[in-house]
Amino acid sequence: MESLKEAQSSGNGGIQVSCFSEAINDVTLHFQIIRLCRQIYAWISCNSAKFGNLYAAAPMPPTKNGASVSCMLGGASDNTGTGIARRLVLKTGLHIILACNIPKNSPMLEAEAEKMLIKKLINLGYTKPKSESSSS
Amino acid sequence: MSGSISSFPVPHKQLSLEIKGNVTDVVICGYDDHFFVIATQIGTMGTILHARKEEGVLTQPTFDVSVIFGKRDEPMLVACARQLIEHISVSGSAKPLVVSLGLKDHSTETLKGIVTAVVENRLW
Chain Y
1 MESLKEAQSS GNGGIQVSCF SEAINDVTLH FQIIRLCRQI YAWISCNSAK
51 FGNLYAAAPM PPTKNGASVS CMLGGASDNT GTGIARRLVL KTGLHIILAC
101 NIPKNSPMLE AEAEKMLIKK LINLGYTKPK SESSSS
Chain D
1 MSGSISSFPV PHKQLSLEIK GNVTDVVICG YDDHFFVIAT QIGTMGTILH
51 ARKEEGVLTQ PTFDVSVIFG KRDEPMLVAC ARQLIEHISV SGSAKPLVVS
101 LGLKDHSTET LKGIVTAVVE NRLW
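As they're listed, the protein sequences go chains Y and D.
Going by my numbering, the first sequence opens with residue 1, and the numbers climb by one from there.
Going by my numbering, the second sequence opens with residue 1, and the numbers climb by one from there.
Because the hints were derived from the structure by calculation, they are not lab data.
Certain hints may be false.
[What the hints assert, rightly or not] Computed cross-link-like contacts, PhoX-like style, restricted to lysine-lysine with a CA-CA straight-line distance of at most 25 Å: (1) D:K20 with Y:K50; (2) D:K20 with D:K53; (3) Y:K50 with D:K104.
[As the list claims (entries may be wrong)] Computed footprint of chain D on chain Y, listed as stretches where at least three residues anywhere in the stretch have a Cβ under 8 Å from a Cβ of chain D: (4) 16–29; (5) 47–60; (6) 102–109; (7) 112–119.
Beta carbons are placed, not taken as given, at the ideal position from N, Cα and C, and that holds for glycine.
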């Protein structure tokens, strides 16, 4: 796995933008993370700079062990992004807006992209691994 | 794959400005098939709108603006998205726009300030 280029910019305000790409096997995954004070936007794309489908996901009260996902643009309930968005919320506890341009029926690619994104979110300090989170 | 490191395929601009005393963070991204704009004063993306140009064969282009997440009863937000998609169209691009507006107020002055800031830092 080759990390191609990573860039992070921090504005004067509360937004941090992180962009990076990872080469895996014969594809390139592009990631963009925009951190707002109370929400995170993430974009994942495979071999392309297209926007993809847009999803909103949030922890589901009162137990917060579930996640609610809504497709806002493009896509359908069985699209790749739905699952990624749901698992991102479950693993991080964050409110997520996800733009996803990953081909359907590519479970390995989907899993790798999700793993990379979560790892990056942890590295950036935007979330802790669930195992380290304090239990309620 | 070549050995050279290619630049990130999505350019973006980021700025922070004050509008009516409220710190406003703006991010503008240029994807291959969309422009994406975030303008927030409240730390979240707020209301998200999708705006696109509809080409007419014999008529002037029309614009379709719809709220895809958040407040659907704020016409000023729709007007803001419409101004931006019109500017994109006039500049020669046919790409649609996704714009998220997380604002403390929806006054004309605030929305004009956002449109001005985005246009001055546009990627189209």
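Going down the list of hints, with the structure as the test:
1. D:K20 with Y:K50: violated (35 Å)
2. D:K20 with D:K53: violated (31 Å)
3. Y:K50 with D:K104: violated (31 Å)
4. 16–29: Coverage by chain D holds for the segment 16–29 of chain Y (7 residues, Cβ < 8 Å).
5. 47–60: holds (count 6)
6. 102–109: violated (count 0)
7. 112–119: Answer violated; 0 residues pass the 8 Å Cβ test.
Comparing the model with each numbered hint stated earlier shows that hints 1, 2, 3, 6 and 7 do not hold.
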